[in-house]
Amino acid sequence: MLPVPLSYYLVLAGILFTLGVFGVIIARNVIVTLMSVELMLNAANLLLVVFARVHGDLGGQVMVFFVLTVAAAEAAVGLSILVAIFRRKGSIDVDRLNILKG
Amino acid sequence: MNTLLWTLPLWPLVGFLLNGFFGRRWGKRTAGLVACASVFLSFAVSLFAFAAVRSADTGRLTVTLFDWIVTGNFHASVSFLLDPLSAVMILVVTGVSFLIHVYSLGYMGHDPDQPRYFSFLNLFVFFMLMLVLADNFLVMYIGWEGVGLCSYLLIGFWFRRLSAVRAGMKAFVVNRIGDFGFSLAIFLIFWHFNTVNFLEVFERAPSVAAAYSGTLTAIGLLLLLGATGKSAQIPLYVWLPDAMEGPTPVSALIHAATMVTAGVYMIARCSTLFALAPVTLLVVAIIGAATALFAASMALVQNDIKKVLAYSTISQLGYMFLALGVGAFAAGIFHLMTHAFFKALLFLGAGSVIHALSNEQDLRKMGGLKKSMPVTYWTFLIAALAIAGVPPLAGFVSKDEILWRSFSSPLGHWTFWLVGTITAALTAFYMFRLVFLAFHGESRVAHDVHPHESPASMAQPLIALAVLSVIGGWIGWPRTLGGGAWFEHFLRPVFEHADQTLALSAGEHSAGLEYGLMAVSIIVGLLGILLAYQWYIKSPERPERWKARFAGLYNLVLNKYWVDELYDTVIVRPIVGLGRVVYRGFDLAVIDGAANGIAGLMQSLAAGGVKTSTGRFRFGAATFAVGCAVALGWVLVTVMGAAR
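Residue numbers (the numbering used here), protein chains in the order written: chain U, 1 to 102; chain G, 1 to 644.
Note that these hints are calculated values from the structure, not bench results.
Please read these numbers as outputs of a predicted model, since none were measured by experiment.
One or more of the hints may lead you astray.
[Unchecked claim] Computed list of lysine-lysine pairs in BS3-like fashion (alpha-carbon distance at most 27 Å, straight line):
1) G:K307 to G:K547
2) G:K611 to U:K101
3) U:K89 to G:K611
Could you build the full structure based on these sequences and the hints that come with them?
Here it is as structure tokens:
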């Protein structure tokens, strides 16, 4: 039914998600962190679309639109926080944002 | 009457509350007037109460205000018992209190803290009335503790003076020792009688005495311990001389006329219990006689006018205990009453002198005050004659009754009589030493002090008390001298039980013997006065010569036999030392150690835990990711495992 076997999609989504996770952990630049978060969201989106196709249920695809909308809003909020941090600290290196240290 | 009776202690309480809350706003004058008015109302009610008791069929009235403790078959209520004994007490308490309140208006006139003074004084009267009106041991205990509290507050009234604060504390602590005995006695009574109501306890006492012979002795001795604390008897008398740090009207009211007689009243009230355990009565008599003599000897050499009176008070209280101990309960209460009159008068007279000399209390700096203070002098002289036992004044009648009974009673002994008679001679001597040193001879007053007669508010109570000191004894005029011994007759119903138990019979001695002993006691009293005259008027250099000749003895007595120092070394220091050891070894090490140890443990745990909170975003993200992975893995493994 699918041109490509389902397992390929799963593996691809897994790789994308893992990349995103590692991006969040490794990146020192907050912009890269945000991009990595997008990557994780998209891995999830991919699976939603694939399973919608597999099950013949459009609900999954509809969900993707919501996720995209939320992701866009999140990016907007995230970037504006970023700007605020930059104004205050003069840097967007996450390693220097450690005022919550106990 | 019953409806009016409960207001008797209410008025001073109202006075206390009003003065306590509004006294500062009202100012000194109003506060004093409110206090006097409240006590006067109580006095008026007391007169009615007295009349009611005389006309009551059963000879007593009880008024229950409300149930206080009701558990199982134990029942205690706040209720009053008005019988001849408490009727006499309320009359003495409210009457003398009223006079002393009036006197205080003048004496404390310059003191800015008058509202506080009067509110405490009113509170004292309230608690004293609770004490004497109580119809059970618990209510009595409230009054007992309350008067102790007021005594403490008023001794330390001038709390800016360290010695006053110390004296207040000493009085409180020493009284606590006595109160401890009293409370143990109440516990024992509750345990064996299952009630604390006076009448019920006395009713069941014979059967309890038959079943447990030692119990009543224990109760009696513990009650006696309480009485020795409150009434300043050996071994707990040490607080009373120090209590003279308080204002003089307080010394007159609390530490001479009323509160210190609470022990006498309590023993008289429990006469039934004491009569069933004659050993305790013997102890009471011995303590009383010993205290009378011992305290009188210390009064001989004191130079502080109030200290002389303080030791005199202890000595006279000893007489009362002696009377109780030989089974002459009515005589003890009679002496309590007459003593309240003349000792209050002596203290107020002394206060008048102190007031006139701008707070000078040293007898060596007085002298020749007779001319400048005639009212004080003559009233003081009357009181001194009364306490010295010169007929027909009040002190003669009551003291002679005690001496006669201590000789003639089956419980008495001629040694008791001898000790009492020697004490009578000493009393006459030290009292007239005081009179001669203060009022006669050359003036030794400092030159910048000009003695003056006290204002009317102080002089009038003196006159009233002087009249009472003269006629107060006549209501108990002995039969042998043609009197009716009306006082004893009036109190007879109260002590009926005890008299029957002790099987006292009075008529086995001849009237001639009574006349003889009476003559002896009058003669020794007059001899004491004469000796004081010889020493302090005729040849004032003689006391100094004797002082030098018996320097060792003189110093021993002057330093109060080193009893304070002895108590300090034997009791106070070891207890303080023990307290310190326990404080360091247990409080600091164990209790504080446990609390601090737990806190420290938590702190070090937190110090470890806080390291995980690095504040580094990437570390947080990584731990979050790992945590998610682990949780997910665990779910997978369990779900898969369950599926397989």
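Verification of the supplied hints:
Taking the CA atoms of G:K307 and G:K547, the gap is about 19 Å. The hint holds against a cut of 27 Å. Restraint check: the Cα-Cα separation between G:K611 and U:K101 comes to about 8 Å, which is no more than 27 Å; the hinted pair holds. Proposed proximity of U:K89 and G:K611 is supported: the alpha carbons are some 24 Å apart, at most 27 Å.
In the structure shown, no violation is registered for any of the earlier numbered hints.
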